[in-house]
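Colleague: Given the sequences, and given the hints that come with them, work out the whole structure.
Residue numbers (our numbering), protein chains in the order written: chain W, 1 to 80; chain L, 81 to 311.
Mixed in with the good hints there might be a few duds.
[To be verified] Once the Cα atoms are required to be at most 27 Å apart in a straight line, the calculated DSS-like pairs of lysine-lysine come out as: (1) W:20 to L:218; (2) L:212 to L:248; (3) W:33 to L:114; (4) L:268 to L:234; (5) L:217 to L:134; (6) L:116 to W:41; (7) L:116 to W:48; (8) W:37 to L:268; (9) L:170 to L:210; (10) W:20 to L:114; (11) W:71 to L:114; (12) L:131 to W:41; (13) L:185 to L:196; (14) W:37 to L:112; (15) W:11 to L:114; (16) L:172 to W:48; (17) L:234 to L:212; (18) W:71 to L:217; (19) L:114 to W:36; (20) W:33 to L:116; (21) L:218 to W:71; (22) W:48 to L:218; (23) L:248 to W:71; (24) W:7 to L:170; (25) W:7 to L:248; (26) W:41 to L:271; (27) W:48 to L:114; (28) L:170 to W:48; (29) W:11 to L:112; (30) L:112 to W:33; (31) L:134 to W:41; (32) L:196 to W:41; (33) W:24 to L:116; (34) L:217 to L:196; (35) W:7 to L:116; (36) W:71 to L:172; (37) W:71 to L:268; (38) W:24 to L:112; (39) L:234 to L:196.
Treat the hints as calculated values from the structure; they're not laboratory data.
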Amino acid sequence: MEIISLKDVSKNTKIAILEKMGYKSDGTFVLDKDGKKVLDKYTHTEVKLDNMAILPGSILILNEESGSVLKYIEEHSDDI
Amino acid sequence: MTSETPIEQASKGAVKGLLDWSAERIEAFYNKIKNKEAWALQDPSIITLIKEEKGTPAWEFYSTYIQNPHLRHLAQLGLVLRRLEGDTEKLKNLRDKIVRMYGSKDLRQAEFVQSKILSRYIAAEIDTTKSKEDLTKKVEGMLNNIDRDYRFVKANDELDKVVDEVAKYIQGSLPDVYVLASRLSAIKICKKITDKVMVQVEDNYQIESISEQDEYVVFFRRKIGENMSEL
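Modeller: What follows is the structure in structure tokens.
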């Protein structure tokens, strides 16, 4: 599975990616289609543009800083 | 204010210094994510290391004797922590994420693998264990009881206090194995603790120590036999 770095991707590109996936952004946070802040599935923390991780298949967005990507890896160990 | 959409802005390079993707590239990215062909992260290095670690002999070794999925995951993270030992910032970053996501005990379990104490424990147990299942039980038991059966000695620990705590625990609970470990400036006090504890438990325990230039690890192993004393 390809691993893509978002580190050097511009804010506008990130917002464009989110819109393609059915999300939005106020320039800082990731928002759902109704404008509510998206919360990390595992830690329930708010996801920001500069710490979002986009995971395969489910269009799931996590707060990478929270460590929740580790939990995702644990749950999908066989696919990694 | 611009009336352009983010895709149009991104395509025209609205932000300088960072990468702006074309609409075609964004479409291709979206399809890869949707088809489970890609992940996207701010810092992919941890995922890359975890993937690489899965093919190593060390991982094969641990995955043979650790069956519990969460403990296997922590062992894998312990191996990644070991790989990051030369990179202080990334090491701290992963340690922080493990604590934030799971807790400090889980970090200690991963560190038990990172510091190679678990592999030494397995090596020491392998000759006296009858089956792979028994060894798995011992290894997982050691990890689950890490806060009880393992102590990392620090240079500023109070000698008599630690001796008292460790000796009382061993005498009261009779663990099959108790582990003390230390590094660098703490090695001297760890050896003193070992000697003083051993005086109190030597009828029923024997020690196996590993002494290297910058670390000292000692296993207090319960004697198995007919002539054990009542503690």
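Colleague: If a hint holds in the structure, say so; if it does not, say that too.
Modeller: The hints, checked one at a time:
{"no.": "1", "hint": "W:20 to L:218", "verdict": "violated (50 Å)"}
{"no.": "2", "hint": "L:212 to L:248", "verdict": "violated (32 Å)"}
{"no.": "3", "hint": "W:33 to L:114", "verdict": "holds (18 Å)"}
{"no.": "4", "hint": "L:268 to L:234", "verdict": "holds (10 Å)"}
{"no.": "5", "hint": "L:217 to L:134", "verdict": "holds (22 Å)"}
{"no.": "6", "hint": "L:116 to W:41", "verdict": "holds (18 Å)"}
{"no.": "7", "hint": "L:116 to W:48", "verdict": "holds (23 Å)"}
{"no.": "8", "hint": "W:37 to L:268", "verdict": "violated (54 Å)"}
{"no.": "9", "hint": "L:170 to L:210", "verdict": "violated (40 Å)"}
{"no.": "10", "hint": "W:20 to L:114", "verdict": "holds (11 Å)"}
{"no.": "11", "hint": "W:71 to L:114", "verdict": "holds (20 Å)"}
{"no.": "12", "hint": "L:131 to W:41", "verdict": "holds (23 Å)"}
{"no.": "13", "hint": "L:185 to L:196", "verdict": "holds (17 Å)"}
{"no.": "14", "hint": "W:37 to L:112", "verdict": "holds (25 Å)"}
{"no.": "15", "hint": "W:11 to L:114", "verdict": "holds (21 Å)"}
{"no.": "16", "hint": "L:172 to W:48", "verdict": "holds (22 Å)"}
{"no.": "17", "hint": "L:234 to L:212", "verdict": "violated (34 Å)"}
{"no.": "18", "hint": "W:71 to L:217", "verdict": "holds (24 Å)"}
{"no.": "19", "hint": "L:114 to W:36", "verdict": "holds (23 Å)"}
{"no.": "20", "hint": "W:33 to L:116", "verdict": "holds (22 Å)"}
{"no.": "21", "hint": "L:218 to W:71", "verdict": "holds (25 Å)"}
{"no.": "22", "hint": "W:48 to L:218", "verdict": "violated (43 Å)"}
{"no.": "23", "hint": "L:248 to W:71", "verdict": "violated (38 Å)"}
{"no.": "24", "hint": "W:7 to L:170", "verdict": "holds (15 Å)"}
{"no.": "25", "hint": "W:7 to L:248", "verdict": "violated (52 Å)"}
{"no.": "26", "hint": "W:41 to L:271", "verdict": "violated (47 Å)"}
{"no.": "27", "hint": "W:48 to L:114", "verdict": "holds (21 Å)"}
{"no.": "28", "hint": "L:170 to W:48", "verdict": "holds (21 Å)"}
{"no.": "29", "hint": "W:11 to L:112", "verdict": "holds (20 Å)"}
{"no.": "30", "hint": "L:112 to W:33", "verdict": "holds (22 Å)"}
{"no.": "31", "hint": "L:134 to W:41", "verdict": "holds (26 Å)"}
{"no.": "32", "hint": "L:196 to W:41", "verdict": "violated (33 Å)"}
{"no.": "33", "hint": "W:24 to L:116", "verdict": "holds (22 Å)"}
{"no.": "34", "hint": "L:217 to L:196", "verdict": "holds (19 Å)"}
{"no.": "35", "hint": "W:7 to L:116", "verdict": "holds (21 Å)"}
{"no.": "36", "hint": "W:71 to L:172", "verdict": "holds (18 Å)"}
{"no.": "37", "hint": "W:71 to L:268", "verdict": "violated (39 Å)"}
{"no.": "38", "hint": "W:24 to L:112", "verdict": "holds (20 Å)"}
{"no.": "39", "hint": "L:234 to L:196", "verdict": "holds (18 Å)"}
The earlier numbered hints that this structure contradicts are 1, 2, 8, 9, 17, 22, 23, 25, 26, 32, 37.
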